[in-house]
Structures are given as C-alpha cells and as structure tokens.
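Chains as they are written, first to last, in the numbering used here: chain W, 1 to 275; chain R, 1 to 254.
No wet-lab data here; the hints were simulated from the structure.
Remember, predicted model here, so these are calculated numbers, not experimental data.
One or more of the hints may lead you astray.
Stated by the list, open to error - To be clear about the criterion: a stretch of chain W counts as covered by chain R if any three or more of its residues have a C-beta under 8 Å from a C-beta of chain R, and this derived list gives those stretches: (1) 174-181; (2) 226-240.
What the hints assert, rightly or not - Here are a few chain R residues that sit away from chain W, every Cβ distance over 12 Å (derived from the structure): (3) Thr23; (4) Thr35; (5) Gly40; (6) Pro41; (7) Gln88; (8) Pro124; (9) Asp132; (10) Ala134; (11) Val199.
Heads up, the beta-carbon is just placed ideally off N, CA and C, and yes, glycines get one too.
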Amino acid sequence: MRPADFDDLILMLMEGEVEPNGTDMIVLLRARELAHDETESDWSGSSMIAEIAALADQAFSDDPAEIEPAREVLFALRQSEASDAADDREEGIRQSEAILRHVDAARFPVTAAGAHLKLGGALPKLSWSDEGVDRFVLRRAAGHLESALALLPDEEADLRAMARYNAALAFRDLWRSGDEWDDDDDYRGKALEYGLAALAAMDRGEFSGDRSTMSRAVLAVLMADGEPRDSEARDQTIAVLQTWLASREGKSLPRAERRALKEARDHLITGRDRG
Amino acid sequence: MFRDYLYIDRPRLVSYAEQIGATAAKAKNRQWRVTLGLTGPVVEHQQGSAERAANDHELAESVTRHLRKKGELRTTRPASLDDVDEGQATFVLETMRARKVIFTLDGGGAPRGLRELAVWVSNPLENPSSRDAASVRDEEATGMFVYLLEGYWDDEPAERAYSMMTALNVLLRTLRDAGAAPGASAGSDTSRDDYATPVNILVRNGGVKGDMRTVTALYRVRSVSENKIVNVGGRTLRCHDLFAYPLYVAAGNG
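Using the sequences and the accompanying hints, generate a full structural model.
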C-alpha cells in the first residue's frame, strides 16, 4: 500500500476490511467529527494525539496544498505503527524517513521528533556487522536523537529522557569505535552529558530505562583515563555508583560485581574526604 | 621552494653553527668600471666575495647538512628506546601532523622576555587499530608520541624517563620550571596510571589547544619513555613518548 492509497485505506477501515491501529482510530474519529461538524472532543490530552488530530483536519480540508503532505504523514505514521507491531525495523526506518520528508516540524514538532527518535533508536542496531561498526550510520542515529531533543517540548519528559538514553549509547559507541589518538568530535563528552541526564531522569521517575546499562556506560566514560582526577568527575562517579548500588538493578547484580563497585565507591569517598 | 618557519631557535642554531664553522656566508661582490683606452671605452669587471653573518635559513641548512653528512641525523621518528642513544644528542628531521598547545607565562620563574611557551604534540604515526593488524598486545609499548617544546631549553642531556615516569612527566617538570604549568600539588600532574591523552593532560595543566597541522621539524631528543598509556575508546594502550627541543619548526612538508 502506498501513501496515495490514503483514501482506499480510510474506505477499507470504515468497511472493516483492515484492523485499525492507534493512528487510524484517531484519524477516523476526527474524520467522523469533521463530517458531522462536531468540535466538542478534547484532543489536547497528549501532544502526539493532538498533532494527529490536527493532521487529520488538514487531510480532510479543502486546501489541496495541505491535503497531500498531511495524508503522506498520516499514512506513514500508521505504517510505522504497523511496522512496530510486526517488529519490522527496516520498514519502520523507511516510514520514519517518509514522515520527515513531508512533515512541517515547526507545526508538528512531536510527530517529527517521534520519527527522529525512532530512527535514532533503530539505526544503531543496523550499524553493527561482522566487519565492525558503520560509524556513518551511528553518526546519523546520534544526529536524529539530537534533532528529537531540539524539537521535543519540556513537558515530554519521558521522550526527552529516552532520546538522551539512546544518544548516550550512540555517542558511547562512536567513542569506542574511534580509531584516532585524540578525538575532536568529543563523542566521549556527549556520551557523558546525555548519560548523566538520562540517569537523572530515572532518579526523578520520568523514565524507566535499564539503569545498569546506563551506569556501566557512564562509568566507562568517567573512568576511562584511570581514577578521576578532578573533583567534579570524582563526585559524578561516586553519585553514579551510589544510585546504581541502591537501585533494584544494582541489588540484583552478581555478588562479585557488586562488591567491586562498593569498593570502588568507598575508595573514591575516602579520597574525597582526605581532600 | 620557500620554507615558512613557524619557529627558529636561533641561539641554538648559532651555537651549533659555530662548532662547525658555519656562522658566516659568502656574499658575491661584483664591480664594474668604465675607463677610456686608446681604442675607446673599456669596461672592466671585478668579482670578489665578502663574508657576512649567515641568516636563519642558512644556519638551519648548514646544521642539517652537517648532521646528515656525519650520519647523525635520523629522518624517521624513533620507534623505541633503542633508537635514542642515552647521553648523546639524537637529532631527527621529520614531517608530522602535530597540534600546538600554548602556555601563557605569568612572570615569576618565567624565562626573561618570554610571554608564552608552546608545545607541539604529534600522535603516533599509526592509528590504534594498526596494533590489531600487527597482533600487538595492548600492554606492549608501540607507537611514539612526540612533544616539541618551543622557546625553552634546560640543557640537560638526553635521557630515558626512568621507572614509572614518562617523557610527558619530564616535559611537565620543565614547563613548571619555566613557570608555565601549575605545581605538582595542584593535582594536575600525570602518572603512569593517567590514561588521558597527552594533549588533554597538557590542557589540564593550563595549556590552550590549537588545531592540528602538518609541520616539518628538526629536533633534538631530550627524553624518551615506554610508559605512556593512553585510553582510546575505552581501551588502554601502552605507547612510547618522546620529549624534544626543536631547532626549527616549519609549516608543511618544508
């Protein structure tokens, strides 16, 4: 099915020939309201839903210049959702790219950010092969995640945290796959910045990523040059170790690893207290 | 081809040139005279030569020529401790990619008249991944960092950085003596357990990082070690490092 088949899709949905997914439901409801000249529904509960409803307004409007891009975006959104259900990563990437080709990011920032977020999450998995890491693909992923962060409003705290979580891992992988003696792109610095922010979002309960994965990533960056020498890096290391050890994931670590982490924390605290 | 000098240690070049009798250059001196002879005007030409003090470029060229003639000039970067004769002057002429790190002097112990010191840092010639291709273990010293300190010379002979020291330690000590780096107690010093890159360590000690560029330098080795361990993408690799005084640094492949 192609985006030009938007009308056919709506028809098939209305006749029950296709099982509607979330995007279809919002579009159908909004189309029905528009047909009956109803405006009493409140679409403002979620930015994403509000934007899909506004896209549906455009898709069923009388302005030909607005209809086509809105239908392209809506169709790609529903196909993207379907690709999630089918666990088809490559189709998800294609549809997210289609969204970004047609969406007006200034008017629909959460829709655009969602596509960037999806690309940022899916591309790194395609960057690994037997021949090593495709850094070009990893850089694309990291760029999409930073674009998502630039678009997402503050109230989308969970999506912002997810973007930071994935960005930390993408930049960590860029840093680790580098083959230069010193790195002007500062992938390591960005991995640390996003990783600490993702851990802070977990501490605030805004996001439920894997704390052990993120703690390991951040500690690898913090301790890459040996024991942290400046007080800021040492305090950051202590804080990451503390929160990890106190977390559910930290408590279920293998005993030897947990003991090693405790010893490292205590050693750093002793050093800090000695000044 | 012209050579663009970025730095010349003229006093040192003059000192070496004096030892090989190359401080003067000959300047051609032509004289033309017209006189009247029995058969008409006669043009007379006299050519002589006079000595003048050699300029910087001539000093650099004669010292290089002498070192080359005597077989005392390496034209490739030393690869290990064995390539540097302890207690002897080892001279190297090398084109390299290097990054300048600048230190501002704040008076006190600063050498007279100097407002800043600069260190050129050049990474090992081969990328880290070349170790895998050559089956070199991470803990095996391979690859040489080079640090060239402009504008300051402590007149110590070439030495190996003993024990756990690196050539970077010797460089930092020299910078401290020159009033360019903070004292060791400030926590900015380095050790064998410090896996940061040399550029980052110099920045931590007050240097300002510049861009990477291609330079050609004639330098004399001051210190060399096999103990510089650096972290590259989470992997710790043992390397050699070398601290040297440049006699000149020129832009490009000069």
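For Thr35 (chain R), is the shortest beta carbon distance to chain W beyond 12 Å? Check passes; 71 Å lies beyond 12 Å.
Least C-beta distance between Gly40 (chain R) and chain W, which was stated to exceed 12 Å: holds (75 Å)
Mind checking, does the segment 174-181 of chain W have 3 or more residues with a CB under 8 Å from chain R? Our answer is that it holds, as 7 residues pass the Cβ test (under 8 Å) against chain R, meeting three.
Please check whether the beta-carbon of Gln88 (chain R) is more than 12 Å away from every beta-carbon in chain W. Label holds. Min Cβ-Cβ 29 Å, cutoff 12 Å.
According to the definition I'm using, a residue is off the interface if its beta carbon is farther than 12 Å from all beta carbons of the partner; does Asp132 (chain R) meet that for chain W? Answer for Asp132 (chain R): violated, closest chain W Cβ roughly 10 Å.
The output says Pro41 (chain R) does not contact chain W. Does that hold with a beta carbon cutoff of 12 Å? holds (71 Å)
Run the C-beta distances from Pro124 (chain R) to all of chain W and say if the shortest one exceeds 12 Å. violated (6 Å)
Holds or violated: the segment 226-240 of chain W covered by chain R, criterion of 3 or more residues with Cβ-Cβ distance under 8 Å? holds (count 4)
Can we trust that Val199 (chain R) is non-interface, i.e. its beta-carbon lies farther than 12 Å from all of chain W? Label violated. Min Cβ-Cβ 5 Å, cutoff 12 Å.
Please confirm whether Thr23 (chain R) is truly not at the interface, meaning its C-beta sits more than 12 Å away from all C-beta atoms of chain W. Given that every Cβ of chain W is farther than 12 Å from that of Thr23 (chain R), nearest at about 40 Å, it holds.
Outside-interface status for Ala134 (chain R) - nearest CB in chain W farther than 12 Å: The claim stands: Ala134 (chain R) keeps its Cβ more than 12 Å from every Cβ of chain W (closest is about 14 Å).
In terms of the numbered hints stated before, the structure departs from hints 8, 9, 11, listed from lowest to highest.
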